[in-house]
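Take the two lone chains and join them into the complex the hints point to.
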Amino acid sequence: MLVAIVIGAACALFNVRLSIVDGESMAPSIRAGDSVVTIGPPTDQLKIGSILLVRDGERRLLHRLRAMSGEQLWMQGDASLSGDSRPVQRSDVLGQLALVIPTSHLFRAIRTAASFTASLPVSVSLKSSGGVVAEQGARSISGADAQGRLLPGGYALWSITLSACGVSGSRCAATYALRIDPVGFAALLPPTGSVGDASQALARALRIATRCQGLAGGVWTETSDRFTAEWSGSDQASGLLTEQSAAAARSGLRCEVKVTLLGVPAATGGSLTLPLLWGPT
Amino acid sequence: MTGRHIVLALLILMTSVAAQWSALLSLPMSGGTIPTLGSVSSSGLRLWVDSSETATLGLAPRVRFWFDKSGEARHLTALTSGVAPYATAVSGRAQLIFEDNGLALAQPIPLNSMTAFFVMRGGSDTGYHPLLGKTDRATGLVVDAKRLRAINGGGSILSGIIGSINTNAILMIRMNSAGTDYASINGGTEYSFSYSSSDSATHVGVIYSSAAMRYLRASLSEVAIWDRALTATERTSVIRALGTKWGITVP
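If you read the sequences in order, they're chains B and A. Mapping to the working numbering: the first sequence position 266 is 266, numbers consecutive. In the working numbering, each residue's number is its place in the second sequence (first place is 1) plus 1000.
The following block holds chain A by itself, in its conformation from the complex (with noise of 0.2 angstroms):
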């Protein structure tokens, strides 16, 4: 038998197992509606991901991966170094629990131009705790010490006193793209401050900070961004509608 001989029948014998393939299952299915937060238009939003639809997380066992209701993609995946955020539930509230790693974004989102909210809970005031950064770069949004800092390729400005996140909190963020940003927690006073910077975050609960990495040392459990400014209207109905589902007092 020569070369030929063997390949030719092993080409008959690959074209038969190919052959053996079924036919196509077919397994009708169809989408229900959504709710949004608070009801307000999902038009803009870029980013939703929310630790009580645990079908949305997955964990081997710690979060690999956390799934972006959006419908924009901006899935966040474990970073391959450092002990992956681990879900759990105190009394009865679901959560992610970050302690020296951060999630990467499937996709960056811009700082210059969004309204962010957090459901988060940290384990002390005085901790930095950063939400959204960059990991080659120190730009992004940090809470530092009961207030908001905001970072720009080292250079960051500070918000006043917006309050404590040591209980479950909602942290509200407006970054302007053309006048002033405001912080708040839990619907409260809005502490004003003005931060530039035309660059995007890729990653959530890390930023770079002086040749290391900085991680989040606390709790998420809701993350909700658009990528517009939502009306005094529509941030008092997510702000309600958050209150609401995670047991926090809101105005």
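Extracted from the complex, chain B is given alone in its bound form (with noise of 0.2 angstroms):
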């Protein structure tokens, strides 16, 4: 009973707030069926691509902050391709979010016990202290088997929000880069001349194809088309995937990396974690 009280007296102290998502928008990385928990709502600056409860109206919504002016937000979920129609206003957060409780896969299992999703929930926020913001968004797969694993022909599309210079004091490059990271991918291949296990080959047999946008909306520019099977860590523009002018970066990028698997018979039961990187140039 005390531990109820002050469980309950500190939710109260910090606005923590459990709520049960409805609906798909920021599938994958958020399901329906999934427990959150946010806190807030916030009194420091909100960030952009930061994960948000608001009121839109008689609803409630958890959305990704996409843009600001002024007091006005635009939000957006990560399922879709464009922005919410309408923005909310700053006084209508509720909260930012905290933890997502995975009770999604219970919800389906109970409803659908024989079926199966290939799609894996992934969401990753990663910030440098240096004014770098590069933050993994929502990912989905196509042509995939039970197990969530590419098929050769199969792909992999994650989006990613970049931005840098937005932190006053921070110094500013002339140009900032979403590469493949020469030191972790060189670790990946296997020695010169020899074909490698499962995992190195995986390695060579990916194409990447890289395009960006403003964060505001706008033209989506192809900005790379990469197989890493042409990579040398000599060349840089081999795994350069894009770059971009200090002002683009500052105003913030939405990026989608699609990884696509070109088969190779050894790379079979292989897995690998393809490094990327952003920052000045």
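Just so you know, the hints here were simulated from the structure itself, not pulled from any lab data. Note that the Cβ used here is the ideal one computed from N, Cα and C, for glycine as well. It is possible that some hints are incorrect.
Chain B is nowhere near these chain A residues, computed Cβ spacing over 12 angstroms in every case [stated by the list, open to error]:
#: 1; residue: Arg1062
#: 2; residue: His1075
#: 3; residue: Leu1079
#: 4; residue: Ser1124
#: 5; residue: Arg1147
#: 6; residue: Ser1164
#: 7; residue: Asn1176
#: 8; residue: Gly1188
#: 9; residue: Asp1199
#: 10; residue: Thr1233
#: 11; residue: Pro1251
Partial pick of chain A residues on the chain B-facing surface, computed with a CB cut under 8 angstroms [said to hold, decoys possible]:
#: 12; residue: Met1029
#: 13; residue: Thr1033
#: 14; residue: Phe1065
#: 15; residue: Lys1069
#: 16; residue: Leu1105
Partial pick of chain B residues on the chain A-facing surface, computed with a CB cut under 8 angstroms [unchecked claim]:
#: 17; residue: Pro152
#: 18; residue: Val195
#: 19; residue: Ala229
#: 20; residue: Pro265
What follows is the structure, given as structure tokens:
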């Protein structure tokens, strides 16, 4: 009883709110049936890319902050290619996402015990201390088996929000780039002259196409189309996915990175984590 | 301010900028199984390019890069001179049209021991169609007026008449390191010849000949090459798989 009172008091004090998600607009990172904990409303500066619980008329929305214009906030669901049709006000913010409890798995298991999904719930926010922000958002997969493994010809599409120079006092470089991390990727490759194991073969069997647009919307620009088979540690251009001016980085970018598995028999059963970096050139 | 101060200021600035790299973005993935041609073992598979998998073609807008699915990294790249092949589909059948250029292999393929399959269509049966070759020596394999011509340092030997490549065809070539060699079309009669070379092919669709290059003027849809002698059962499996895939009647 005492514990319940303490927890209740803490929740009231910090405006902690537990909600059950209804809808797939934030899929695959947050699915219908998931439980989410929000804290707030935030008292400090709102951050582009953060996930906010907002009041939108009679309903409440848990969407990602795409852009700000004065007191107006433009939101967007991760599963949507375009933003919400109308803004909400700063005063409509009820809280900021603190925790996702994946209760949707139980929800789906009860509802459709025999089915499976190819989408994996992956959403990781990463931020540097120096004013460069790279945030991984929604991921979708096409051409995967029941375990979510890509099949040859299949692809995974990641949405990544990038920005830099947004923190006052931080120095800005002239240009910023999203690239394959040369050190991290070199470690994934087989020794020269060797085919390597399944994971090493997989590293050389990818095609990475990247396109970007401003956070406020606008035209998508195809920025690169790379084969990791052509990647060379001595040629920086072979790992470059997009290069952006400081002005563009300051405004923020939304980039889609599409990774296609081209298929190599030796890669069967392999797995890897493709290392990417966003930072000054 | 001295020069040393300027250098120090620049060093501080560079260090500060370098420290702004973000943490790694971790994008986890894993590879599923890949079906091989006719379920034949991929052991010894040294080249496998397939135009039906459009993601394996780097276009700019003509073919710049053709990804090798064998896992041996013998990717094909367009030569810097000439007109690069282009990718298209005829009656829904994907293919690369070669006009006045070949493609370079990232690693050579020995000619003396292999079982090769080419899904191709020639513009004319009377033409000279280099399949594998070198650009600095008259060595390679050529379809020449319905026969297979095997060339080593300018000297060549012809097979019997294997048949027409005017329509889409599966050309099979068996090069045995110590024995008779064979060629056939669409799984038909195998015609023998005897060829010996310790050399390797460095290109697809081009061969050096009489102080000039001669290029393939035909289309290629798929090429698969093993560096071993496939058994009769394996060859039949591959030919049937290719026949089903490309709409070619085979036994």
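Hints, verified against the model:
| no. | hint | in the structure |
| --- | --- | --- |
| 1 | Arg1062 | holds, 14 angstroms |
| 2 | His1075 | violated, 5 angstroms |
| 3 | Leu1079 | holds, 16 angstroms |
| 4 | Ser1124 | holds, 33 angstroms |
| 5 | Arg1147 | holds, 33 angstroms |
| 6 | Ser1164 | holds, 32 angstroms |
| 7 | Asn1176 | holds, 24 angstroms |
| 8 | Gly1188 | holds, 29 angstroms |
| 9 | Asp1199 | holds, 21 angstroms |
| 10 | Thr1233 | holds, 19 angstroms |
| 11 | Pro1251 | holds, 27 angstroms |
| 12 | Met1029 | holds, 6 angstroms |
| 13 | Thr1033 | holds, 5 angstroms |
| 14 | Phe1065 | holds, 6 angstroms |
| 15 | Lys1069 | holds, 5 angstroms |
| 16 | Leu1105 | violated, 13 angstroms |
| 17 | Pro152 | holds, 5 angstroms |
| 18 | Val195 | holds, 6 angstroms |
| 19 | Ala229 | holds, 5 angstroms |
| 20 | Pro265 | holds, 4 angstroms |
Hints 2 and 16 from the list above are not met by this structure, while the remaining hints are.
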